[in-house]
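S.K.: Kindly produce the complete structure, drawing on both the sequences and the hints.
Okay, here's what each chain looks like letter by letter:
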Amino acid sequence: MSSSLALTGLVGCGSQPENLLPYVHQPEEIVPGKPLYYATTLPFAGFAQGVLAECHMGRPTKIEGNPLHPASTQRVEEFEAPQRWGATTVHSQSAVLDLYDPDRSKSIQHRGRVGTWEPFLDWVQTKIDAYDGNGGKGFRILTRTFTSPSLTSKFQELLNRYPQAKWILYDPIGDDSIRQGAQLAFGERVDTIHHFDRAEVVVALDSDFLTTGPASVHDAHAFMTRRREGVESGAMNRLYSIETSSTPTGVVADHRLPLKPSQFETFVWALAQRVGVNIEPVDESGLDQEFLDRLVNDLKDHRGSSLFIAGSWTSARTHALVHAMNQVLGNVGKTVVYTEPVVPFEEDPSQSLAELVQEMNDGEVETLLVFDGNPNYDTPADLKFAEAYEKVPERIHYGLYHNETALRSHWHIPAAHPLESWGDARAYDGTASLSQPTIAPLYGGRTPQEVLAAFLKRPAHTPLQLVQDYWRTRLGEESDFTIQWNRALRDGVIPDTRSPSKEVSLRSLDLEPPKPNKDDSLEVVFRPDPSVWDGSLCNNGWLQELPKPITRLTWDNSAILGPDTASKQGLEMGDEVTLALHERTINAPVFILPGHPEGSVTLHLGYGRTRSGANGDGVGFNAYQLRTSTAPWTDAGLTLTPTGKHKDLATTQHHHRMEGREPLHLLTLAEYRDQKDEASEEEKLAAMYDPYEYPDEAWGMNIDLTKCIGCNACVVACQSENSIPVVGKEQVLAGREMHWIRIDSYFEEESPTPNAQFQPVTCMHCENAPCEVVCPVGATQHSHDGLNEMIYNRCIGTRYCSNNCPYKVRRFNFLQFSDADTESLKLQRNPDVTVRSRGVMEKCTYCIQRISEARIDARKENRPIRDGEIVTACQAACPTETIVFGDLNKKGSAVSRKAVQKENYQLLRELDTRPRTSYLARITNPKEGDAV
Amino acid sequence: MPQIFHQSANVLARFLIVSLVILIFTVSAVAVAYYRSSYSTKVGVTIDQPVPFSHQHHVQVLGVDCRFCHNSVETSKTASLPATEICMKCHSQLWTNANLLAPVRESFENNEPIHWNRVHKLPDFVFFNHSIHVSKGIGCSTCHGRVDRMPLMAKAESLHMQWCLQCHRNPEIFVRPKDQVFEMTYPLEPNPEQAGQQLVETNQIQTRGLTDCQTCHR
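Here the protein sequences come in this chain order: A and B.
Residue 1 is where the first sequence starts when you use this note's numbering, and the numbers rise one by one after that.
Residue 933 is where the second sequence starts when you use this note's numbering, and the numbers rise one by one after that.
Calculated from the structure, these hints are not laboratory results.
Remember, it's a predicted structure, so these values are computed and weren't measured experimentally.
Each hint should be verified, as a subset may be incorrect.
[Stated by the list, open to error] With a straight-line Cα cutoff of 25 Å, these simulated SDA-like cross-link-like pairs (lysine to any residue) come out: (1) Lys890(A) x Pro1083(B); (2) Lys34(A) x Ile1018(B); (3) Lys860(A) x Asn1003(B); (4) Lys890(A) x Tyr971(B); (5) Lys860(A) x Leu1097(B); (6) Lys34(A) x Gly1141(B); (7) Lys890(A) x Thr1143(B); (8) Lys860(A) x Phe1114(B); (9) Lys1087(B) x Tyr689(A); (10) Lys1021(B) x Asn19(A); (11) Lys890(A) x Glu1133(B); (12) Lys974(B) x Glu1133(B); (13) Lys1110(B) x Leu1013(B); (14) Lys1110(B) x Arg863(A); (15) Lys515(A) x Asn19(A); (16) Lys34(A) x Ser1004(B); (17) Lys860(A) x Val1132(B); (18) Lys1021(B) x Gly33(A); (19) Lys860(A) x Arg999(B); (20) Lys860(A) x Thr1134(B); (21) Lys1053(B) x Gly33(A); (22) Lys568(A) x His654(A); (23) Lys860(A) x Asn1102(B); (24) Lys1053(B) x Glu1133(B).
M.R.: Right under this line is the structure:
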């Protein structure tokens, strides 16, 4: 045995010469082996997310939040060490993988041939010459939402110079109804800032404010901080969620009411009327009177401290009513503040998409510049954009990918990724921040400013200059510019750029009451996909494999419907149906979700791509094919016809009931007050041996289930930090997904409209770890500070450990999952973590590389490790500070404070595994005297 | 029932069994010998470099400190190789036309790094940190040998796990006073027991956990 092992070793360790390449001129800041963090901005859906990009020797590997940026968070948990990072969204976390995507567009293309920048500029020059004569007649620019101040000024310049040219804004997940709602209510454009930290009763009207939208991280943090403080102080806030689909915000809600869209409209109207908005009463039949009464009473008790928020996909009428209700209940100036709009341009775009398509069909559009978008894929089906596009004589596409639209364009210009570009953007509250390149453009992409500038004159300025040109006169004294610029770059925010608040007064509302769905036909709800959003992120493997909140579905979208609706049609999970709406049809598999509103079907947009790249093509179905420009978010008259086929849906959780075992402890606030201290009450489980002593640190984690919003940011953060591979749909179907942290969802047992609950589960680092005793080769061991260690080079892949793990958190590399061939993806990997290969078990390590780094730093300075010095990747990303990590032996550490709270419990404690990870029971605050 | 094998088969069987045992032992012994030999570990084998840089000349004759070139050894996991401009700090003044230094000048002119050949390669799955070792009193020469006597660089130790563990199990054997870490002439022999224990205390070496797997493997 030993000889054969030794001989294999000989064959394996051939000594190939390896080169070492030091710098020629070493950059001053770089210390090899130490990462650098650059504050930069990642725009998502146009709005800024402030981040810190972790760079190893010039390559960004990981995204953390910038605590100084308003769209991230300042931590409130008390630690000894200052906290360096803020929270992030799942999409900020995954942006670093997009950067290295091998399927990104790599060259300029002209009529299907590889081109270069110079001939493009020559061609643009002929256009400039022509437009200077005719004022830009026939020139149209189609953009998405953007907030970049420098880009906006370039746009203004362009439109001023070519008065005949027109700008069209189309965003498949736009916020048109927010704008229209403000118009209806106030007669002017205004943005709303929500102060969840001041609200005692929050009413989310089809709003997923906790995980969706440009302010989600900030809002979720403010909401949850107040909520958690309220548990002790007794002033816990209460969240009502009335929704037409199933969202994480509904999961967190104390009272959730699922309604189909037509009922929802009636509900909002009735609610507004009851709280005192001056509108006609509406026929309330069919509404849940009990719920409505309870809500209205609660609201009347909390005048000035309630908050209404509506989702960007609700109707303009709902938004107007929300403004009215906030006004009537005295919330304005307290929980709700109005500001000048963030999205630039004093006026709305000069044209709507429908008008553009009409012009294209009439031959009035000569040149169309598609500026970062994919209208051939994501425009409403009734407009038939793709057909009209063919009639435009000159079509230019600018974007990160050579997508469906680029394929039908004469010119395609590859975009630089935000992590490769100089740029700027505004956050939800107007705060501007700069983007700085963390790496030179991998594929020669161009920044938006460069492309737009090209249409004004032959560019002599670099991308940096183009951004600086705008800010030169706007960062205070011009003589101080370099100092101010460097300060803004370092901090990641430009001071004093927040939108000023705005006084608005409510107009008398002239609204049309909602029409009930008379023939009771099936309704449809379109939503952006929680992972791949509008489809532009379709090729991101991390997002594709990310289990969607609640359904835990990966690599697919589905027609989500409630159990009753499904059983009426005789449908089972995964049955394929033909969905028909206004004589357009698509085929989709059915997902039966308890708690989903009956009588309606949710379709997630963003799938069914044909030209997104190797990961995204042919995955799921394209729900845009049913969407119309007049009813982009909800519609009625859908019919379902089973095709008789069946599609396997790759979900990562197959059973959502607790079966009386209560892995997730659930308490109401009243129960929590009466609860005795669980820890002191429970008798110690008998042990055969004396307990092992941990004289040094005892690492532990605490997960507060009250705070978890199921946003998945931790899952992607972990994947990014620990170089966790993507396995693909077939392997997920075989139960072989590799995530080290998962978020289980459980449904309440006894309820006609059961709500879900979230529970993040990682390796528990048991003191009596069942996995350790069964490993025949000692590949999993216990460290002196209580970590359950996994030693990859010892592992021979018996999988005994995984079989003996009661928490099912160990992951096995059944195949060679980590990509060893694609060069660009290797740049993303964390150099402090081993890349695991086939046949090896792996699992959560409590981010051992971060522990090790902090331990070395502390020991070099001969001091103990400070509490909060080690922040695990999941903890850093979490918007609500659900996860806390630290030393259980250290008096006063955050994790030890939580471990003695009376609602603290350990998962499957009865097995006496003595897990180091413990949970705080989920506490909800339903209105007293009511059963939910 | 007649015998299947002739009686002489017993001899053959015994011979084969003994041979098999001998064979197993021999193969194992050869394998172990090979594994530990400098043919496999490359201990003492000099590696050709694009510039025949002599540590002996720079360290022993000129007295250049290790940290002049390996400047992140006290702060980072890697000691780091000097950037070309560090070479050029002196060699823009000294030996400016030496043929041996042509690759250095070319690198500086063309902004192309020098392709050094790696001498010390840790096995996979090992994460080594220079700064903690140096700060706790492990001298450069303890692992890298008498670099000041090496005209061309060669490995001085096998870097086998067994070799690492000698010290991780008993740090008192090789630990030095902190001011002797970069001193090439400090004796390489094991410390006397008492003095070693004293040094472990002075340097505040935390001995618990030094042999945890994830101290090095992760």
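S.K.: With reference to the structure, classify each hint as holding or not holding.
M.R.: For each hint, the structure was consulted:
Only pairs whose Cα atoms come within 25 Å are accepted, and Lys890(A) paired with Pro1083(B) is rejected, the gap being roughly 51 Å. Restraint check for Lys34(A) and Ile1018(B): the C-alpha separation of about 20 Å stays at or below 25 Å, so the hint holds. For the hint pairing Lys860(A) with Asn1003(B), the CA-to-CA distance comes to about 17 Å; that is within 25 Å, so the pair holds. Between Lys890(A) and Tyr971(B), the direct Cα distance comes to roughly 50 Å. Violation of the 25 Å bound is thereby established for this hinted pair.
With a C-alpha separation of about 21 Å, the suggested pairing of Lys860(A) with Leu1097(B) holds against the 25 Å cut-off. Distance check on the hinted pair: Lys34(A) and Gly1141(B) sit about 24 Å apart at the alpha-carbon level, within 25 Å; holds. A C-alpha spacing of about 23 Å is found between Lys890(A) and Thr1143(B), which places the hinted pair at or below 25 Å, so the restraint holds. For the proposed pair Lys860(A) and Phe1114(B), the alpha carbon gap of about 17 Å is at most 25 Å, so the pair holds.
With a C-alpha separation of about 47 Å, the suggested pairing of Lys1087(B) with Tyr689(A) is violated against the 25 Å cut-off. A C-alpha spacing of about 23 Å is found between Lys1021(B) and Asn19(A), which places the hinted pair at or below 25 Å, so the restraint holds. Restraint check for Lys890(A) and Glu1133(B): satisfied, since their Cα atoms lie roughly 23 Å apart, inside the 25 Å limit. With a C-alpha separation of about 35 Å, the suggested pairing of Lys974(B) with Glu1133(B) is violated against the 25 Å cut-off.
For the suggested pair Lys1110(B) and Leu1013(B), the alpha carbons sit about 23 Å apart, so the restraint of at most 25 Å is met. Between the alpha carbons of Lys1110(B) and Arg863(A) the distance comes to roughly 17 Å, so the proposed pair stays at or under 25 Å and holds. For the proposed pair Lys515(A) and Asn19(A), the alpha carbon gap of about 73 Å is over 25 Å, so the pair is violated. With a C-alpha separation of about 10 Å, the suggested pairing of Lys34(A) with Ser1004(B) holds against the 25 Å cut-off.
The straight-line distance between the Cα atoms of Lys860(A) and Val1132(B) is roughly 14 Å, inside the 25 Å bound, and the hint therefore holds. Distance check on the hinted pair: Lys1021(B) and Gly33(A) sit about 24 Å apart at the alpha-carbon level, within 25 Å; holds. For the hint linking Lys860(A) to Arg999(B), the alpha-carbon distance of about 17 Å falls within 25 Å, and the restraint holds. Distance check on the hinted pair: Lys860(A) and Thr1134(B) sit about 13 Å apart at the alpha-carbon level, within 25 Å; holds.
A C-alpha spacing of about 16 Å is found between Lys1053(B) and Gly33(A), which places the hinted pair at or below 25 Å, so the restraint holds. A C-alpha spacing of about 23 Å is found between Lys568(A) and His654(A), which places the hinted pair at or below 25 Å, so the restraint holds. Distance check on the hinted pair: Lys860(A) and Asn1102(B) sit about 19 Å apart at the alpha-carbon level, within 25 Å; holds. A hinted pair counts as satisfied when its Cα atoms are at most 25 Å apart, and Lys1053(B) with Glu1133(B) does not qualify at roughly 31 Å.
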